Amino acid sequence: MTEINDIAFVGVGQTKIERNKLGDTFADMVYEATKKALEDAGMTMDDIDNVITTSNDFWDGRTISTMAVNDACGGGLAKNMSAVEGDGTFSSFYGMSRILSGTYDTTLVVSHVKGSESDNVYITNAIFDPIYMRPIGLDSLNSSALQMRRYMAKYGITEEQCAKVSVKNHKNALKNPYAQIAIDISVDDVLNSKIISDPLKLYDCSPVSDAAAAVIIAGGEKAKKAKKPVWVKGVSYTADAYFLGDRDLADASALDKAALEAYGMAGIEDPLKEIDVAEVYDAFSYMELMWYEGLAFCPPGGGGKLIDKGITEMDGELPVNPSGGLLSGHPVTPGGMIRLIEAILQVRGDAGEHQIDGVKTALAHGINGACGQSHCVWIVGR
Amino acid sequence: MTQKAGDQELIAYKSRIKVPYTWSVGEVGSRFLTEIKENQKIWGTRCPVCDFVFVPPKKTCTYCFVPVHEWTEVKDEGVLQTYTIARYKTDLIPQDSPQIIGVILLDGADTGLVHLIGEVPPEKIKVGMRVKAVFNKERKGHILDIKHFKPV
Amino acid sequence: MGKKRTAIVATGQTHHRSSRLDVNGIEMINEAVDRCLEDGDLTIDDIDAIVIGNMDHFEGINYVDMWSIDGIGGFMKPVFKLTTGGTTGSTVGQAGYYLTASGMFDKVLAVGWEKNSESDTTAAITTAFDPIWDRLVFAGAIGGLAVEAMLYLDTYGATEEDAARVAVRDRKHACNNPYAQLRKEITVEDVMSSPMLSDPIKLLDVCPRTDGACAVVYATEEYAEKICPKPAWFHAGAVKHPYNLLGDTDLVNLPSMQLAAKEAYQKAGIKEPLKEIDVMELYLPYSYAGLSWIEAMDLCKPGGAPKLIADGKTDMDGELPINPSGGVIATNCIGATALLRMAEAAIQIMGKGGARQVPDVKTALATGFGGCFWSDVTVFRSTKP
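Chains as they are written, first to last, in numbering that gives the first Met the number 0: chain A, 0 to 381; chain B, 0 to 151; chain C, 0 to 384.
For reference, chain A alone in the conformation it holds in the complex:
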């Protein structure tokens, strides 16, 4: 198993997650996140020797979407650059690899999206192949609903158990100044909320938001000299089959594999005991339960029972999404990067009001593609 030594996250920054940042361009948001990350790291752009942007051409409404933010994060300074499309957890992996290659020692990875500028239905309909699935009218909402129904049918998960995720995360968000929707709701509020796509209800769904985020990764001496390094213990990512009918939507096989590999690198054998806090990609309430299983916090089908027992509450054995997760604010591309940022802050003891006590090891998780087709798992720690 590959061991990762001497790679650390040395700075993080994000904008507030909002429904519509009308006064900000993509570049404004990325600049804000970049500046914050540099300040957080006690660095200037002179310390950065390469930059990766993370964006999506469809969401941005422009081909070569990286162009919009190029100069906001170092392109204008002629840094070596690259651009990943997909979630920020994957681009961060690439940013780390470039340091491990020996060519660079400090990578700035930025991500952005303005969900407010487009129509989610059209943008996510384009995820589906034009020949077989797109003409049926699939999008992120109805495809996730298909998955939720399948998951419930296979394992007897209930809508109440899914609702508990929404209650937990929206309430946790009250302690996160960056969150968009921080509210104290009940299971009944969730169950009675408007049905979006059976069985998904309004409060089972994350909103479509605007935000940007940045992380700075360093290796070797640069990492050791950093103000507050958070070390990478393990990381892995895996993609499942593409066509919905090629998968059993109730099981996240790709996450099983990614988690196993990341745990192996980090030397983790009992995740429930050895991980102190987890930030997972809760684009929808039921997904968080599925990801508990993929992350081996419980056996397959056991996600509902885990939340019933209160294990993933702020005061539980393994708090999940103390930040409020994505249900309380979902900027698509920075989504996983913000999970990573939250995990990093937890290890540093800098998570403010939503800090969990005594965090030594944290997990961050991101997804890409429809119904969680691809997963990336990070383990970070002291």
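Hints in this document: simulated from the structure, not taken from any laboratory. Model, not experiment: these values are computed from the prediction. You may find that some hints are simply not true.
[Unchecked claim] DSS-like mimics (lysine-lysine), calculated; alpha carbons at most 25 Å apart, straight line:
1. K193(A) - K125(B)
2. K3(B) - K34(A)
3. K125(B) - K153(A)
4. K225(C) - K224(A)
5. K146(B) - K193(A)
6. K153(A) - K131(B)
7. K193(A) - K74(B)
8. K171(C) - K223(A)
9. K123(B) - K153(A)
10. K304(A) - K170(A)
11. K146(B) - K74(B)
12. K146(B) - K15(A)
13. K223(A) - K3(C)
14. K88(B) - K153(A)
15. K88(B) - K36(B)
Once you've looked at the hints, dock chains B and C against the given chain A.
Just chains B and C now, with coordinates in the frame of chain A:
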């Protein structure tokens, strides 16, 4: 509704991207859609290594990554693996309300087909129910030559 | 762990065509991947991770990495996507290097592709530009390049025939490449009498639109020589993207190419490129680029390119053959194009070039170009770094 940053009113500019497309279906897909169009039959392809029958058909097996050549006909009815009833505004589901999407495992196939479900009141739909393809009278070699699947 | 020396050990590409109706995008990608694996006598089980790139709006697919799983063999493998416009292929090609050099993966498959026949290329390219400031006045890719060409002619007193000679050379070279799309020789007169697109650029000065895919496998030093007797070792890579808005660019000298070439030469220890490099595969989307950009790369003094080319120094039997594959003017499947330059450079080092092989290649250079006048430069050698 206008917003301001200080004294400055914020401008937003509405537009759309106009990029037309013509997607190649490919030889394998063309054969699949032609069988639907001309004969109202559904065919899949079978992997020589894992024996999975793919519907829609594939040229390469997803799991084994080997070329798939063998064609086999599957039934036009099967089991509903999952479904959803979309209750939000979407022009993209080609169905009048109620708009219902499902994944159907046709008899003889090993992968599910995503399609529309019709002629059934939403409260009567169940995972595991048997459904059958309803073909349009006028067909043009398109996945929507199948109008929807209805309960058997 | 980490810091491994790595090389391209296998390549594969489709027979590039203006339109491939017989395959959908996934199937077309699969052709290149299958050929690449065959070239290295590998199976998909040998591949540890995959990177892919194209330009989303050319095929209208969102999250292409997810959609292409059946074509790339990505089931249960690590996959992600990179996209940087015209430089996508080199971005992907360099990622193959970084991912293997990191020690995280031993063998990485890098795939670039485009099915340009499926869309209106100009409409899609126009969406690259800022919707508030540039998009309304910009006219696809040609407009900007025409301005650049005009400036070059004015500044150095060069002629349109000088530029035409670049196209003639590349189209001649393409005749030796069974994969190239356009495989018919043309003359300077043919170029000069072809329809004017945007003064001074004429139809035969520019690249075609192509359906095609390219795949390469990078392997670390533990595996490279077992897979390929003459691996193409990665020695240097530079990527410069300094500009976003058209009004900011310096149109005559292509500063991004100057910067990228300078950095690549320095990393690779190259002081006299014309002498020390044995072959170049350059991303020249149109003939005028073949003049100004080789000056930016320090092959000759500013204004000296027309003579270098007219003297035959960049022909197959010249001092520094350029584009033995026929280059972009013969084939342009945008997401693959820059990767094809790297694959062709690697093919030259591996000695697998057949009729387009330049004898005794030890150092090969590949470039990528795209976006807002962005440039990538990569250097491969037959010896380990």
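Going through the hints against the structure:
Distance restraint check for K193(A) and K125(B): the Cα-Cα separation of roughly 21 Å lies within the 25 Å cut-off, and the hinted pair is therefore satisfied. Annotation: proposed proximity of K3(B) to K34(A) holds, straight-line Cα distance about 24 Å (limit 25 Å). The suggested pairing of K125(B) with K153(A) holds, with an alpha-carbon distance near 13 Å, which does not exceed 25 Å. For the hint linking K225(C) to K224(A), the alpha-carbon distance of about 40 Å lies beyond 25 Å, and the restraint is violated.
Under the criterion of a C-alpha separation no larger than 25 Å, the hint pairing K146(B) with K193(A) is inconsistent with the structure, at around 29 Å. For the given pair, K153(A) sits about 22 Å from K131(B) by alpha-carbon distance, which is consistent with the 25 Å threshold. Only pairs whose Cα atoms come within 25 Å are accepted, and K193(A) paired with K74(B) is rejected, the gap being roughly 38 Å. For the suggested pair K171(C) and K223(A), the alpha carbons sit about 56 Å apart, so the restraint of at most 25 Å is broken.
Annotation: proposed proximity of K123(B) to K153(A) holds, straight-line Cα distance about 19 Å (limit 25 Å). Between K304(A) and K170(A) the alpha-carbon distance is near 20 Å, which keeps this suggested pair within the 25 Å criterion. Our distance criterion of 25 Å between C-alpha atoms is met by K146(B) and K74(B), whose separation comes to about 16 Å. With a CA separation close to 45 Å, the supplied pair K146(B) and K15(A) exceeds the 25 Å bound.
A threshold of 25 Å between alpha carbons decides the hint, and for K223(A) with K3(C) the separation of about 22 Å falls inside it, so the pair holds. For the hint pairing K88(B) with K153(A), the CA-to-CA distance comes to about 29 Å; that exceeds 25 Å, so the pair is violated. Restraint check: the Cα-Cα separation between K88(B) and K36(B) comes to about 30 Å, which exceeds 25 Å; the hinted pair is violated.
Consistency note: the structure conflicts with the earlier hints numbered 4, 5, 7, 8, 12, 14 and 15.
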